[in-house]
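There are 2 protein chains.
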Amino acid sequence: MPELRKDPITSRWVIIATERGKRPHDFKKSEEQIVQVGICQLCPGNEHMTPDEIAVYREPGTAPNTQGWWTRVVPNKFPALSTEGDLNRSGVGMYDMMNGVGAHEVIIESPEHDKPISHLSEKQVEEILWIYRDRFMALQRDPRLKYILIFKNHGRAAGASLEHPHSQLIATPVVPKRIMEELEGSRDYYHFKERCVFCDIVKQETSTKDRIVMENASFIAFETYAARFPFETWILPKKHDSSFHNIDKTQIMDLAKIMKGILLKIYGALSDPPFNYVLHTSPIKNDCANFYHWHIEIIPRLTAVAGFEWGTGMYINPTVPEQAAVSLREVDIEAARS
Amino acid sequence: MPELRKDPITSRWVIIATERGKRPHDFKKSEEQIVQVGICQLCPGNEHMTPDEIAVYREPGTAPNTQGWWTRVVPNKFPALSTEGDLNRSGVGMYDMMNGVGAHEVIIESPEHDKPISHLSEKQVEEILWIYRDRFMALQRDPRLKYILIFKNHGRAAGASLEHPHSQLIATPVVPKRIMEELEGSRDYYHFKERCVFCDIVKQETSTKDRIVMENASFIAFETYAARFPFETWILPKKHDSSFHNIDKTQIMDLAKIMKGILLKIYGALSDPPFNYVLHTSPIKNDCANFYHWHIEIIPRLTAVAGFEWGTGMYINPTVPEQAAVSLREVDIEAARS
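So the sequences go chain by chain: A and B. Numbered per this note's numbering, the first sequence finishes at 337, counting up by one with no gaps. Numbered per this note's numbering, the second sequence finishes at 337, counting up by one with no gaps.
This is chain A alone, in the form it adopts within the complex:
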């Protein structure tokens, strides 16, 4: 009998195919790889091919937009939203629109073209997390912006168009629908229980351990109970905080460790699958400090989103989360690296 599971935050129901669960080797690797044509505009030496850097960690004494950096942020060449202009909210007949004001940045994760986060040093992953935080701090001063989203697309099926490892930041002039849903769901839970739903999840998961894949002093990485996708993995900070930018140095070190570890396990178990990860944090004007809890959602892209999902907002997950957790726990990190 398949199982319907409800996500406790958004009340989204998911169909889990418990009987004929798909294991890692059931997912055939997509043939479509990104073929890098010509030189890579994100590689060292090609800094002139990108717009000027807006944040960077580089060797002392090296000039901006030259070699010598180890993490570098540049505006997206083809931005989804424009940094210039006013919102000008207006009506078009019965419809509503506003100008596409916001920010769209590319975070070049390291100078190494061939090394995904899972294969970088912990130190380098920390640097990526620090520069994420820098961009949050800088952009939240812009009064036109309501939300800052940091995410990563890896592999063509996950929407990446460049091979060189990079993350993206998009800042929007509205609080997006998905975030509103999380805020409403976690606010309702808080009103009912007077506890943060995410803190309760941390407690539940660390006590049963069925779905936990990795854990350290500051974070758990686990297969979420109502996972929409096979091997959907969430990373939750153990300490309650609604906003990623409040992260401290110890937490950055622990987050780098667990991110690298979990991405290496996914890389190993599923043969470098396409994936997305998304950093979920509070809106800029934060009135959800008590009940919201920042976290990271990692989604390997192994199944097609089809008519059923578009029509219902429900998902059919052919892999049981508890079995996915077993598979990922079994991956030897050292073996996966090679």
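Any given hint could be a false lead.
No copy labels: a pair is met if it fits in one copy or bridges any two.
To be verified - List time: in silico DMTMM-like cross-link candidates among lysine to aspartate or glutamate, alpha-carbon distance up to 20 Å: (1) K5 - D95; (2) K176 - D187; (3) K76 - D25; (4) K5 - E180; (5) K202 - D95; (6) K145 - E2; (7) K237 - E58; (8) K208 - D95; (9) K256 - D331; (10) K284 - E180.
FYI, nobody ran anything at the bench for these hints, they're computed from the structure.
The hints should help you fit chain B onto chain A, whose structure is shown.
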């Protein structure tokens, strides 16, 4: 300047890239085709390869599960939900679950393996629509069910695994999230305006005509104002009704005509792209008769859903809906057929 547009039903914001709009020829056809291996289990003569038919239109005198049918409905061999059993709602620690009770059926659209809906006769498309309606009428008597979804996946990138043209029906024991959002949005609009938002859309679109692609006595087919995807096309009945199953004979004939026409235009403009369509109708227990309005959403699958979309529930659409409408209007239906 990109444009943010708001869907008037769900209040979902969409980013429309107005400056560098993608035209039909900018979408490269995906290389991944469905390769049918061995014999087709949905073809005439192979009726023994499917579960027994549960609805069928066939030549008088022919036996069930033999040749002689022109539309045939069978249970899905690997159902996402099971027709047997009780819901048994229960708690698992802090989480909620229920048994995956429901229905999952395959609607074989015609005996012809190579003919998509766009290439069938109008008469045959009518038969498909009638059998959709039959299944609604039959399943809504099951008290365990709350919602019936009919949808189609065409092409591998749209989630299809069989080549033979077919639609699917999934009946769920909960009202899905996406439907709840539509109901809430259209209820709010009704409370505010005392009018149906979809009826207002019909009026707006037929008066401006910017986004209309086809129109007949009963339906309009148009590029929706806040389209999430390039060439996202909606078909709306002009007459207000919340439920598809109230459709009458004249409307079936007009719907067959416009469905076939619009799918042929999409086929021609985008070289037989992968697509989904979804029939949106009221839940079984219908208390939304005044404010909800059934319709069909057609989504060509030309762009990847990536981290931004997963993180925000917002979409970036690289094609301006008004330009998509021009492109589709220009397609000569007779030329597209060959």
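20 Å Cα threshold - placement of D187 relative to K176: both (16 Å within a copy, 16 Å between copies)
Homomeric proximity label, K76 with D25: Cα distance no greater than 20 Å: between (38 Å within a copy, 18 Å between copies)
How would you classify K208 and D95 at a CA-CA limit of 20 Å: within, between, both, or neither? between (47 Å within a copy, 18 Å between copies)
Using 20 Å as the alpha-carbon threshold, which applies to K5 and E180: within, between, both, or neither? both (14 Å within a copy, 17 Å between copies)
Should K237 paired with E58 be assigned to within, between, both, or neither, using CA atoms and 20 Å as the limit? neither (34 Å within a copy, 66 Å between copies)
Identical-chain pair category, K5 with D95, by Cα at 20 Å: Between copies only: 6 Å across chains, 33 Å inside a chain, cut-off 20 Å.
Within a copy, between copies, both or neither: which one fits K202 and D95 at a CA-CA cutoff of 20 Å? Classified as between: cross-chain Cα gap 16 Å, same-chain 43 Å, threshold 20 Å.
Check K256 against D331 for me: Cα-Cα at most 20 Å, and say if that holds within a copy, between copies, both or neither. within (15 Å within a copy, 58 Å between copies)
At most 20 Å between CA atoms: does that hold for K284 and E180 within a copy, between copies, both, or neither? within (16 Å within a copy, 25 Å between copies)
I want to check one pair: K145 and E2. Are their C-alpha atoms no more than 20 Å apart within a copy, between two copies, both, or neither? between (37 Å within a copy, 16 Å between copies)
Hint 7 alone, counting from the list given before, is not met by this structure.
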